[in-house]
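**Student:** Listed below are the residues making up each chain.
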Amino acid sequence: MASFSLRWLALFSCGVWPASAQETPLAITGAQIISIAGETISRGVLVVQHGKILAIGPADTVKIPVGAAVLDASGKVLMPGLVDSHSHIGAGTGGDGSSPIQSDVRVLDSLDVRDASIRKARAGGITTVNVMPGSGHLISGQTLYIKLREARVIDDLLIKLPDGTAAGGLKMANGTNSIRSAPFPGTRAKSAALVREQYLKAQEYREKIKRAAGDVEKLPPRDLALEELVEVLEGKRIVQHHSHRADDLLTVLRIAKEFGYKVVLHHLSEGWKVAPEIAAAGVACSVIMLDAPGGKLEAREFDWSTPAALEKAGALVGFHTDDPVTDSRLFLRSAAFGVRAGMTRPGALAALTLANAKILGLEQRLGSLEVGKDADFILLSGDPLSTYTHVEQTWIEGRKVFDRARPEDHLYAVGGPGAGNPQRAHLCCFTSAGDLLAAANGANQ
Amino acid sequence: MKTSSRLLSAFALGFLTSALVAGAENVAVIGGTVYPVSGAPLKNGVVLIRDGKIAAVGPAATTKIPAGYRTLTATVVTPGLIDAHATVGLSGILNQPHDQDQIDKSASFQPELRAIDAYNAKDPLVAWVRSLGVTTVNTGHSPSALASGQTMIVKTFGRGADQDVLNPAAMTAVALGRNGLTAAEVVPGAGAPSAKAPGTRAKAIAMLRTELIKAQEYGKKREGKDETKRPAHDLRAETLLRAFSGEQPLLINVHRQQDILSALRVAKEFGLKIILDGCADAPLVLNEIKASGFPVILHPTMARSSEDAENLGVETAAKLRAAGIPFALQSGYESYVPKTRVVLFEAAIAASNGLGFAAALATITLDAAKILGIAARTGSVEVGKDADLALYDGDPFEYTTHCIGTVIAGEVFADGSR
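If you're matching them up, the sequences are chains A and B in order. Take this note's numbering: the final residue in the first sequence is number 445, and no numbers are missing along the way. Take this note's numbering: the final residue in the second sequence is number 418, and no numbers are missing along the way.
Some hints could be false.
What the hints assert, rightly or not - Restricting the straight-line Cα-Cα distance to at most 20 Å, the calculated cross-link-like pairs of lysine to any residue (SDA-like) are:
1. A/Lys52 to A/Pro417
2. B/Lys221 to B/Lys203
3. A/Lys312 to B/Ala232
4. B/Lys203 to B/Lys214
5. A/Lys257 to A/Leu200
6. A/Lys210 to A/Lys236
7. B/Lys319 to A/Val414
8. B/Lys319 to A/Gln49
9. A/Lys190 to A/Thr251
10. B/Lys290 to A/Arg404
11. B/Lys319 to A/Lys63
12. A/Lys201 to A/Lys273
13. B/Lys196 to B/Ser106
14. B/Lys122 to A/Leu297
15. B/Lys319 to A/Lys273
16. B/Lys319 to A/Lys52
17. A/Lys273 to B/Arg418
18. A/Lys63 to A/Thr29
19. A/Lys52 to A/Arg399
20. B/Lys319 to A/Gly361
21. B/Lys319 to A/Gly418
22. A/Lys236 to A/Gly361
23. B/Lys319 to B/Gly356
24. B/Lys319 to A/Arg404
25. B/Lys319 to A/Leu411
26. B/Lys122 to A/Glu301
27. A/Lys273 to B/Gly416
28. B/Lys268 to B/Glu217
29. B/Lys319 to A/Tyr388
30. B/Lys319 to A/Pro407
31. A/Lys236 to A/Ala246
32. B/Lys370 to B/Ala169
33. B/Lys64 to B/Gly416
Just so you know, the hints here were simulated from the structure itself, not pulled from any lab data.
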């Protein structure tokens, strides 16, 4: 097991940190480093300070700063913290059953930072997550991008944009999940019409604001729902779009093109059928890997070859857990299944990290091990694509948030009595795992 | 040697088309490593298959492949995998009302419902699990009612229930804890459950005991000397009586420790043969399970931890093994996506979490066969057993390894390298 020089052991293991970000440089030595940004380094050094990467490279090229703490990670594999571009950890909620379009609703206002699912995600090596509302709406709300730092309150998890707001996307869906009884749409064409109508309203709203030119008298009344769509139209918020069937995927492309917004496709059960069209549109994809097809009509022709087909066609491909649909602790497995079905190894590893950072618009900050980026990294016991490999440590911005050697962390890594939630008030209305899943995917609650 | 075996293979392939009609063909499977499970792994091994049975197992150097045998080559050869508890073939791939036959919600106690009357051998999920090495499943009604129905043991040929069945009435599915309560699961399109009870754990046990007593009394009356006083046949009671005799044990789904103990209490009271199913809380009551002598068909390693199964863990398999409790792994029942799990993957996670390769492989082959009572037929690569094999291009538990073929009683399935 990796160990710190004694001087720092107490400080690190107690998790006692200065109020400001990590002051003393930390050098992780001896590990094979998969930086994602460049070639794999067989025995590399990573130096981090103030939560950022200070230096990275082969042992003989990186100077370890005087006074740096040293973590000997010989025999381990070091790679960027995993980025999950679609998850439901933290027991968050989105829109309710009152209408199919609820862009004013924020996951931010519902997340439980103490939920066991967040600890489990850290155990899976996940450091950044796009927490999504469900897919039972055409627009189910604003998603939230979070860092899985040690947290007391939701603010501790946020990723702040330069303007001070919390980073996040907008969740949209088409296909059967959002087709329900009125006032929800009853068909696919109706779904598309409702969405187009809403974006036209947003365009007009934006036009009115523009015409007012700052004159308070002429400004339209504030509309929370349209404000968010204006952010989408202006490229400040990426649409994260649930879609399974080939025709539904193409509908997403069509509407995004009409209104000129940036969209990422999610799930893509039938992505393998329309990979060239997706790649030609320049649209990124966040793919789920499942143990079997089926479970809903649209996943009947789910196939492991989707990420390989998309990669070959030239599309940007990421993976996601859709936790609880797949377990955050087994996120590495998605990449391995991608390789199993023909994806390249570098492509599959990027799909867990840098590609997902791009999908969230956070690639300037994270997703690869490069000087200046956030010091988010994981230590693995071996090859990231092997069944027998375990995530041993997870670090976020230079701080260790998971260590398999700590009994309390080990419990969340493997489960067992005590690893659940002591009370699940948020599950008051569900009676089985199936209901929970259905709820996560937007079924009537 | 290589050329000749390739020629042989080409020759055999031509012959294969007609042979398939008859089902089994004569096959030689050459494995870089053959894991018989019943014994030590064999490097460069050969398995000869004649008339659907294993005719010989031995080192390639000394095991002569007779002329006319079709040859298959794989890096790793294991016994065909056995899924000790599934609902595949009943809970269809589409998850629409018309293909969900794993639960009838009209009543909460229906042990008389037979799996063989619902099993759809043509459901694509049967072919899916077969394509990953599964050759035998114990499948049937889901743990979604106090007594939901029976299970059957079936080979995954995909022909039909009657042709493929090994045991048409293997176990009777009982569920305690939340799974067994009336509102346990919303079935797509099935509406609200019409049964009102059981609504609590205590009520569930009271109902179960009442039914068992009824069955006991029915059994006594049926044996009465005066034929005219014998009661009319009662399918439900007769099903339960087979749990008294041990012929068709109760498969009791339990997760919470208090429910595990309830199952053991009822079994003891009535002298029943039972098999514990699920058992997320098993680590809390290992001594009690061990003392009962009953085996466990453990929850899928990667099952979602929620509700009653909140305490499940990936190391529970290793803990059962350390305690000396006989157990097998299962794919279980999935109400949503993915619609089935695959025991190959569940065992892989157990293997990497303390169980180790050999024991993990046994949980989905020979150990499962023993619990299902079919070890004389399948579960290991031994002379005289059914020629059920799975072929891989590497360590079967590695995520990046492919299952390149499956053999069931000598019939070769190439569902595509998956």
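**Student:** Next step is simple, just say for each hint if it's right about the structure.
**Tutor:** Hint check results:
1. Our distance criterion of 20 Å between C-alpha atoms is broken by A/Lys52 and A/Pro417, whose separation comes to about 37 Å.
2. Distance hint between B/Lys221 and B/Lys203 is unfulfilled; the C-alpha atoms sit about 27 Å from each other, more than 20 Å.
3. Simply put, A/Lys312 and B/Ala232 have alpha-carbon atoms about 68 Å apart, too far for the 20 Å limit, and the pair is violated.
4. Between the alpha carbons of B/Lys203 and B/Lys214 the distance comes to roughly 16 Å, so the proposed pair stays at or under 20 Å and holds.
5. Straight-line distance between C-alpha atoms of A/Lys257 and A/Leu200 comes to about 13 Å, which keeps the hinted pair within the 20 Å bound.
6. Restraint check for A/Lys210 and A/Lys236: the C-alpha separation of about 17 Å stays at or below 20 Å, so the hint holds.
7. Under the criterion of a C-alpha separation no larger than 20 Å, the hint pairing B/Lys319 with A/Val414 is consistent with the structure, at around 12 Å.
8. Proximity of B/Lys319 to A/Gln49 is assessed by CA-CA distance (about 42 Å); at most 20 Å being required, the pair is judged violated.
9. Restraint check for A/Lys190 and A/Thr251: the C-alpha separation of about 12 Å stays at or below 20 Å, so the hint holds.
10. Proximity of B/Lys290 to A/Arg404 is assessed by CA-CA distance (about 30 Å); at most 20 Å being required, the pair is judged violated.
11. In summary, the hint linking B/Lys319 to A/Lys63 is not supported, as the alpha carbons are separated by about 46 Å, beyond the 20 Å threshold.
12. Simply put, A/Lys201 and A/Lys273 have alpha-carbon atoms about 33 Å apart, too far for the 20 Å limit, and the pair is violated.
13. Pair hint B/Lys196 plus B/Ser106 holds up; C-alpha atoms about 10 Å apart against a cutoff of 20 Å.
14. Distance hint between B/Lys122 and A/Leu297 is fulfilled; the C-alpha atoms sit about 17 Å from each other, no more than 20 Å.
15. A hinted pair counts as satisfied when its Cα atoms are at most 20 Å apart, and B/Lys319 with A/Lys273 does not qualify at roughly 44 Å.
16. Among the hinted pairs, B/Lys319 with A/Lys52 is inconsistent with the structure: their alpha-carbon atoms are about 41 Å apart, more than 20 Å.
17. Between A/Lys273 and B/Arg418, the direct Cα distance comes to roughly 18 Å. Compliance with the 20 Å bound is thereby established for this hinted pair.
18. Taking the CA atoms of A/Lys63 and A/Thr29, the gap is near 11 Å; set against the 20 Å cutoff, the hint holds.
19. Of the supplied pair hints, the one linking A/Lys52 and A/Arg399 holds, its CA atoms being roughly 10 Å apart against a limit of 20 Å.
20. With a CA separation close to 44 Å, the supplied pair B/Lys319 and A/Gly361 exceeds the 20 Å bound.
21. With a CA separation close to 16 Å, the supplied pair B/Lys319 and A/Gly418 stays within the 20 Å bound.
22. Between A/Lys236 and A/Gly361 the alpha-carbon distance is near 9 Å, which keeps this suggested pair within the 20 Å criterion.
23. Between B/Lys319 and B/Gly356 the alpha-carbon distance is near 12 Å, which keeps this suggested pair within the 20 Å criterion.
24. Note on B/Lys319 and A/Arg404: the hinted pairing holds, with a Cα-Cα distance of about 19 Å set against a maximum of 20 Å.
25. Of the supplied pair hints, the one linking B/Lys319 and A/Leu411 holds, its CA atoms being roughly 14 Å apart against a limit of 20 Å.
26. A C-alpha spacing of about 16 Å is found between B/Lys122 and A/Glu301, which places the hinted pair at or below 20 Å, so the restraint holds.
27. For the given pair, A/Lys273 sits about 18 Å from B/Gly416 by alpha-carbon distance, which is consistent with the 20 Å threshold.
28. A threshold of 20 Å between alpha carbons decides the hint, and for B/Lys268 with B/Glu217 the separation of about 18 Å falls inside it, so the pair holds.
29. Restraint check for B/Lys319 and A/Tyr388: the C-alpha separation of about 18 Å stays at or below 20 Å, so the hint holds.
30. The straight-line distance between the Cα atoms of B/Lys319 and A/Pro407 is roughly 17 Å, inside the 20 Å bound, and the hint therefore holds.
31. Our distance criterion of 20 Å between C-alpha atoms is broken by A/Lys236 and A/Ala246, whose separation comes to about 27 Å.
32. Simply put, B/Lys370 and B/Ala169 have alpha-carbon atoms about 16 Å apart, close enough for the 20 Å limit, and the pair holds.
33. Simply put, B/Lys64 and B/Gly416 have alpha-carbon atoms about 29 Å apart, too far for the 20 Å limit, and the pair is violated.
Checked against the numbered hints above, the structure breaks hints 1, 2, 3, 8, 10, 11, 12, 15, 16, 20, 31 and 33 and satisfies the rest.
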